[in-house]
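S.K.: With chain A's structure known, arrange chain B on it following the hints.
Quick note, the sequences are listed as chains A and B, same order.
Mapping to the working numbering: the first sequence position 266 is 266, numbers consecutive.
Mapping to the working numbering: the second sequence position 318 is 318, numbers consecutive.
For the record, the hints were derived by calculation from the structure and aren't laboratory data.
Please note that the accuracy of each hint is not assured.
Claimed, not checked - DEER-style ranges, computed between Cβ atoms:
hint, chain 1, residue 1, chain 2, residue 2, range
1, A, 4, B, 161, 40 to 48 Å
2, B, 42, A, 254, 53 to 61 Å
3, B, 139, A, 299, 53 to 61 Å
4, B, 171, A, 12, 34 to 42 Å
5, A, 12, B, 324, 34 to 42 Å
6, A, 226, B, 323, 50 to 58 Å
7, A, 177, B, 323, 53 to 61 Å
8, B, 87, A, 323, 39 to 47 Å
9, B, 275, A, 303, 25 to 33 Å
To be verified - Here's a subset of chain A near chain B, in silico, CB distances under 8 Å, partners left out:
hint, residue
10, 76
11, 80
12, 164
13, 263
14, 274
15, 277
16, 281
17, 336
18, 337
19, 340
20, 351
21, 376
22, 385
23, 386
Ideal placement from N, C-alpha and C gives every residue a C-beta, glycine not left out.
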Amino acid sequence: MNRRALWGSLIGFVLVVAALLGVNLATENHPVLGLDLQGGVSVILQPTEEVGEEDLDTVRSLIRDELESLGIAEPDVRVEGTNIVVDLPGVKDQAQALEAVDVAGIVTLRPVLLCQPGAISPELLESLPAGQEALPTADGLQTCLVGPPGGTGEVFARGSASPQIDQSSGRWLVTVDLREDGQAVWNALAAACFAGDVSCPSRQLAIVLDDVVQSAPTVNQPSFSTGVEITGAFTEEEVRSLARVLNRGAFPVDVEAQRVETVSPTAGSDSLRAAIIAGIVGVAVMLLGLVLYYRRIAVVVVAGLVVWGATVFSLAAFVSQATNYALSLAGVTGIIVAIGVTIDSYIVLFERLKDEVRAGRTPRNAAPRSFQSTWRTILTADLVSVMASAILFWLSVGSVKGFALYLGLTTLADLAVCYLFTRPAVILMASRHRDGRLVGLGARA
Amino acid sequence: MSVNETRGEAMAVGPTGRSRLFRGQTAIDFYGRRRLGLVTSLVLLVVTIGSLGLRGLDLGIDFEGGVSWDVPAAEFGVDAAADLLEEQGVSTDGARIQLRSSESGEFVKIQVEAAEGDRAEELRALFAAAAGVAVDDVGVNLVSSSWGSDVTAKAIRALLVFLVLVAVFISIRFEWRMALAAIVAMLHDVVISVGIYSVFGFVVTPATVIAFLTILGYSLYDTIVVFDRVRENEARLAAHRAPFADVTNISMNQVIMRSVNTSVSSVVPVVSLLLIGAGLLGASTLSEFAVALLIGMVTGAYSSIFIAAPLLAVLKGSSPEWRDRRWVRAEGEPLRSMVMGGLPAGRRVRDDDETPGDSRAVADAASVLNHAPRPRRKKRR
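The shape of chain A in the complex, shown without the other chains:
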């Protein structure tokens, strides 16, 4: 075994981890704590008109999905009385919270009479018949005269709008699916515009949100079966915001922010302190047991656990800042469980080493062989954990997603430490021992 490569891996890995930890500590970049541990900001939303319980529940789910798609992780959204309460972890200031929860709205579909640059003359505005309105476009350069709403965003399937690239022309477009019960409404509007009917002489159909024309595509076919494609000279950003608008429009009712509250942690700071103290005591007792059992080689466990802890801390700090996945009490305890899994990789290795030494090999000879078979075991078992976390992260929502993220992180840290730290440490240590005292066996064994 190439000793220089082993020392390189050992020292290199420790240096990288130490540097990352140093940078994180120096910049005070620590993991964002969850609602239960650190509190957050809560926004109370009220529907603008009276609605039933079912609609409120729909709005609750839509708001949560929208927040998550915007990268706000693990919001706690619930209906309270006739209000919707949105608790946001990790958000410090109120303006940021208000902006974040502004995800609901009613999209209306209105035929366009004409669009022109700049404002529309006041005389024309005064003579508008009932139902017609002059609205600015999203870029603010044009004003469009639109007819009465012919339908709402509810004609589209919820959350189906997505930005796409046309494979042949390479241009951005938005696709959105029609709901079965919305198809007739949409097709009636589309047919009128396609034919250039008096109600829609411009052949454009405006998508309006918050009294702003978000987009006014020209209708190119009289009827649509399941989905609609909106094409134009879009940039990627425009396409994304249009898709978001279409998805927002699926709300059955508009909601307004009533007030903003700061929320104290539910579990309280003593819970976190209790978890940390208990965790440290528990780990110390466990390490003491391992040192008594495995003797000299247990020094690798102690050092390895420190390196693993530093890696997890840095990863958690980085990920929670970058993605807004806050570390909740569930996450903290999940990490305590991960310690058990990490310790297992050492135990599997040491037990194998003991077997080999008992069978008569020298530690120097046994260590690389033992590591090879242990690595295969650990890799298989950890890959299942990584797979589990990837799938749960992809397909689930809410706190399950946060759990998956931290499970994946700790497992990856385990694999990295096992290969880059434990392997060289154990092999190098074993090369200096000629008898079983390395692994807690007698000198004779």
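M.R.: Relative to chain A, chain B alone:
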């Protein structure tokens, strides 16, 4: 005494069971006792299903919604609210008490499970009295669940996809019988953990669901570590006439110390969470979480050896490669020698064997392969 003398010399078998366990020299007939584990688990499963049917699960406020009071916080605090609830016999498990502040002032928001809904007005009056305000100043509202059915539906969909992929992964890496046994053991662990929640009436919170997911991952992990050893021994013994029960027994005896050590190491921090964190420092959220994890870790380690391995032995025992092994499984000293790295020696064949001579020949062949190395000639000087 020089080191050279001891090299290559097998270690003496320990005189006591404990010393043999530490030295990896046990010869426990796990396969022969497989019914013990299966029956124990069957009993636990029946209790679980019975309890789920009769009592169900106590779902917390995040799943079922509940009642919420807003109490002005001028002369009232979070601790006072918790004390008042406890005095009134309202469980604070899964309750959520927060201090909230906005421009209009500070107030304590107390949210408890729907089961206490009938007492909403009574408690409202008590809160008002404790805070020294008029009853009308205490707001009371019904709260919906925050963990909607869509969250559950998505989590279940994710789990199903995961199960399929895990089955495929283990089938490719190992084989389908191991995938089946590992997944059965995992489901067993989760069902029993859920059962304990039902039997003891613990409140199920989102943290509990996370704990169950942790259990699921831990159980699979543990089983795979055990199966990896099984596969190694399978390759070692495949060319011999020993039955699969031997492979199971050898592997279990070889990994028992690792399982004990790992379980103890993993459980110690959780027990510490339970005793120090929840007991002495009094954090009730921690205790329920720790209980779920503790149960999951113990059943996870147990099921790998007492559910997954026997199930695999039964499945493999009837597989084409292993069905026709004629030897009875080894016990006692022959098993011990194999656990310590030896190969199977000649053994009695099963009673239903028609050609006894056959095994004799093979047994000889095996022992020929396994003879001690010829001593090296001393060099002439």
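S.K.: Each hint needs a verdict: does it hold in this structure or not?
M.R.: Status of each hint after checking the structure:
no.: 1; hint: 4/A - 161/B: 40 to 48 Å; verdict: holds (45 Å)
no.: 2; hint: 42/B - 254/A: 53 to 61 Å; verdict: holds (56 Å)
no.: 3; hint: 139/B - 299/A: 53 to 61 Å; verdict: holds (59 Å)
no.: 4; hint: 171/B - 12/A: 34 to 42 Å; verdict: holds (37 Å)
no.: 5; hint: 12/A - 324/B: 34 to 42 Å; verdict: violated (53 Å)
no.: 6; hint: 226/A - 323/B: 50 to 58 Å; verdict: holds (55 Å)
no.: 7; hint: 177/A - 323/B: 53 to 61 Å; verdict: holds (54 Å)
no.: 8; hint: 87/B - 323/A: 39 to 47 Å; verdict: holds (43 Å)
no.: 9; hint: 275/B - 303/A: 25 to 33 Å; verdict: holds (27 Å)
no.: 10; hint: 76; verdict: holds (5 Å)
no.: 11; hint: 80; verdict: holds (5 Å)
no.: 12; hint: 164; verdict: violated (24 Å)
no.: 13; hint: 263; verdict: holds (5 Å)
no.: 14; hint: 274; verdict: holds (4 Å)
no.: 15; hint: 277; verdict: holds (6 Å)
no.: 16; hint: 281; verdict: holds (5 Å)
no.: 17; hint: 336; verdict: holds (5 Å)
no.: 18; hint: 337; verdict: holds (5 Å)
no.: 19; hint: 340; verdict: holds (3 Å)
no.: 20; hint: 351; verdict: holds (4 Å)
no.: 21; hint: 376; verdict: holds (7 Å)
no.: 22; hint: 385; verdict: holds (5 Å)
no.: 23; hint: 386; verdict: violated (10 Å)
Of the numbered hints listed earlier, those contradicted by the structure are 5, 12 and 23.
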